[in-house]
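Enquirer: In order, the protein sequence lines correspond to chains E and V.
According to this note's numbering, the first sequence holds residues 1 to 412 in order.
According to this note's numbering, the second sequence holds residues 1 to 264 in order.
If you are wondering where the hints come from, they were derived from the structure by calculation, not from laboratory data.
For clarity, every value in this text was computed on a predicted model and none was experimentally measured.
All C-beta atoms, glycine included, are put in the ideal place defined by N, C-alpha and C.
Mixed in with the good hints there might be a few duds.
Stated by the list, open to error - To give a feel for the contact side, a few chain E residues facing chain V, derived at Cβ under 10 Å:
(1) R10
(2) Y12
(3) R23
(4) K174
(5) D175
(6) A272
(7) I316
(8) K323
(9) Q403
(10) L410
To be verified - Cross-link-like lysine-lysine pairs, in silico, PhoX-like; alpha carbons within 25 Å at most:
(11) V:K233 <-> V:K257
(12) E:K323 <-> V:K97
(13) E:K311 <-> V:K257
(14) E:K21 <-> V:K145
(15) E:K181 <-> E:K118
(16) E:K323 <-> V:K89
(17) V:K145 <-> E:K323
(18) V:K113 <-> E:K323
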Amino acid sequence: MESGEINMIRDYISLAFDNLKHRGLRSWLTMLGIFIGIAAVVALISLGQGLQQAVLGQFDALSADRLIIQNAETGFGPPGSTAVTKLTEHDLEIISRVQGVEIAVPRLIRMGKVEYNKVASFKYIGDLPDDKEEAAMVYSTMNAKPIEGRLLTPDDRGKIVLGNDFLTQEEFGKDIRVSSKLNINGKDFEVVGIIGKLNNIIFNSVIIMPRKDMKSLLNIGDEMDTIAVKVSSTDVLVDTARNIEERLRRDRNEQVGEEDFTVQTPQQALSAVNTILNIVNLIVIGIAAISLVVGGIGIMNTMYTSVLERKREIGIMKAVGAKNSDILTIFLLESGLLGLAGGIIGAIIGLSLSFLVSFVANSYLGTDLLKIIISYPLLISAILFSLIIGAISGLFPARQASQLRPTEALRG
Amino acid sequence: MFFNVKSKNYLYFNYRNLIKPLLLNLNMTEIINLKKVTKYYHMGDNIVKALDGIDIKVSLGDFVAIMGPSGSGKSTGMNLVGSLDLPTKGNIFLDGKDISHLSESDLAQIRGKKIGFIFQSFNLIPNLTAKENIMLPMLFQSIEKEDREARAEKLLKMVELEDRMDHFPNQLSGGQQQRVAIARALANDPEVILADEPTGNLDTKTGEKVMTFLEKFHKEGKTIIMVTHDPQKALDHAKTIYWLKDGKIEKVTKKIKNKWKVVR
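So that you can see chain E by itself, here it is in the shape it has in the complex:
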């Protein structure tokens, strides 16, 4: 009995499929709405996830036991570089004395004019602290490892280490190698090493210079752009951040909410970015939902037209013994199949589209930062969803078809 019923369903599906095939172009046009919707969802979400991962990669540097303190900023750039007032030795001292702070490292990040092979370009310069321990912390934060030459030591003078972009991007028209000499703000520096590729875009394009060289080159006094703090354990991270905030506020006589500095924990930074990405995702899903609803209405429209056009056919089927439920089943299967096929084609188009976009974007930017993440749950739910949309859109037309009186239907 059960296998019989399954066979019947199979026969009904093949009947519904024949009907769709017979209407050829019309079926394709009907599916258009659905597959544009599904393609949009799949492409945008795949890209969105790739984008999310690319952006989150920028935060790899933020280990769970690090804090960054910086003054209120006025512009867009590396942390601290656009602050009006700079952090001072005094601030550093306060921070160092807060309980839970294992080490507090002042950092400098500035722009410099770099000339090589008679080509000039502005680049970020980051300092390497004088203290060996602090220098080690900077390298470990960046996760920097040399692929050519060696890393800088605090004792080096007139030497620099370069981010990976200097090796891969031929901006200066001539290869930069270890022992190449770069002119920075009028002074020559020898390259001693190049760092392997990192997820963080800024780290890949930065020049690392010993602090003493950097200070004299750029006329920097006792100020610092950011202070990086390593806490004694991740458990005290939040408390330590709160304590630092409190001490600095008291020192500067500021009210809560009116601080001209920030203490950023990795979680805060991540959640800020995640909020933005989630908003982007919501917008994407909203657009896709609209397009799917339009697609569903398209299916409903086609099915209604089909009921009118095939009135006679429905009458014939009823005359030869089709029950209302048989007609309902056939019509529902037709609209469901439209949705399903639209969903599958849409998913394929969406995936190819997102691969194309990431390929174009990556080759334009010269990186492989934007990776497409194929999410099978996403694909499966997109296809299922379009099947359901198809079936729901077909429900009313199918009901109408099934309730036609045979005599009326046969009159055509």
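Position chain V relative to chain E; hints supplied.
Expert: Below, chain V without anything else, positioned relative to chain E:
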């Protein structure tokens, strides 16, 4: 297993065929019985009396013609006889069972099993092949695919269209389409074949061929009901004729020993 309607035997074995001669002799076999049947239609504010209290009895194995000019109510009569429609008043018995108040789905099930339709305009489904069209009535009786295919092929052979099996209706001539429709009418081995102006859209020669098939099925024991406006067709082929006029039965004639006699 004996009661499994999906078994192959269902198609080829009909217990009633065994006792049919007996039933016929006892003259106790009414396959269709319309009792005081009235059908009204609403046309705007007017009520049209399409049929006004008619009685039609169709005996098993008879060849009945329902005769009348257009507007006589014969189409309405055919719809009611074929259980495509229900009467406003009166009762309809199909094979002894009152179907006047059945749900549409129950009607469909009974109709599919007991009545085979042949229409004036063939009414094949355009996107199905000849064979698939014949298989369709069996699908709605939940018969397995292999059985449906075998039966459809056999029926196509019978109407001499086995070489047109996979043709679509628009690839067939009118006469061929009507033969496919005839084969479809026989798909579920129904008791009754109901033909509505079966030769109306055909030329004389192909029309005669269709009539030959109906005669053949009649000889094989099927009950044939034919609706026509052509008295000559009715007189040539039928055994009983209901003459309809203005929604009423004018007279009923029967062919007894090759002579027509008015029986009512």
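Enquirer: Can R10 (chain E) be said to touch chain V, with a Cβ gap under 10 Å?
Expert: R10 (chain E) check passes; min Cβ-Cβ to chain V is 8 Å, inside 10 Å.
Enquirer: Closer than 10 Å between Cβ atoms is the bar; does R23 (chain E) clear it against chain V? Give me holds or violated.
Expert: Holds, because the Cβ-Cβ distance from R23 (chain E) to chain V comes to roughly 8 Å (cut-off 10 Å).
Enquirer: For the hint on Y12 (chain E), does the least C-beta distance to chain V fall short of 10 Å?
Expert: Hint on Y12 (chain E): holds, closest Cβ of chain V at ~8 Å, below 10 Å.
Enquirer: Given the hinted pair K181 (chain E) and K118 (chain E), is their alpha-carbon gap at most 25 Å?
Expert: holds (12 Å)
Enquirer: Hey, does the D175 (chain E) contact hint survive, CB to chain V under 10 Å?
Expert: violated (68 Å)
Enquirer: Is the hinted pair K113 (chain V) and K323 (chain E) satisfied, with a Cα-Cα distance of at most 25 Å?
Expert: holds (12 Å)
Enquirer: Should the interface hint for L410 (chain E) be scored as holding, given a Cβ-Cβ cut-off of 10 Å against chain V?
Expert: Hint holds; L410 (chain E) Cβ to chain V Cβ min 7 Å, cut 10 Å.
Enquirer: If you draw a straight line from the CA of K21 (chain E) to the CA of K145 (chain V), is it 25 Å or shorter?
Expert: holds (21 Å)
Enquirer: Against chain V, is A272 (chain E) within 10 Å by beta-carbon distance?
Expert: Not OK, violated: A272 (chain E) not within 10 Å of chain V, min 58 Å.
Enquirer: What's the verdict on K323 (chain E) and K97 (chain V), does the C-alpha distance respect the 25 Å limit or exceed it?
Expert: Holds, because 19 Å separates the two Cα atoms, which is no more than 25 Å.
Enquirer: Let me know if the C-beta of K174 (chain E) comes in closer than 10 Å to any C-beta of chain V, holds or violated.
Expert: At 70 Å from the nearest chain V Cβ, K174 (chain E) fails the 10 Å test, so the hint is violated.
Enquirer: Against chain V, is I316 (chain E) within 10 Å by beta-carbon distance?
Expert: holds (5 Å)
Hints 4, 5, 6, 13 from the list above are not met by this structure, while the remaining hints are.
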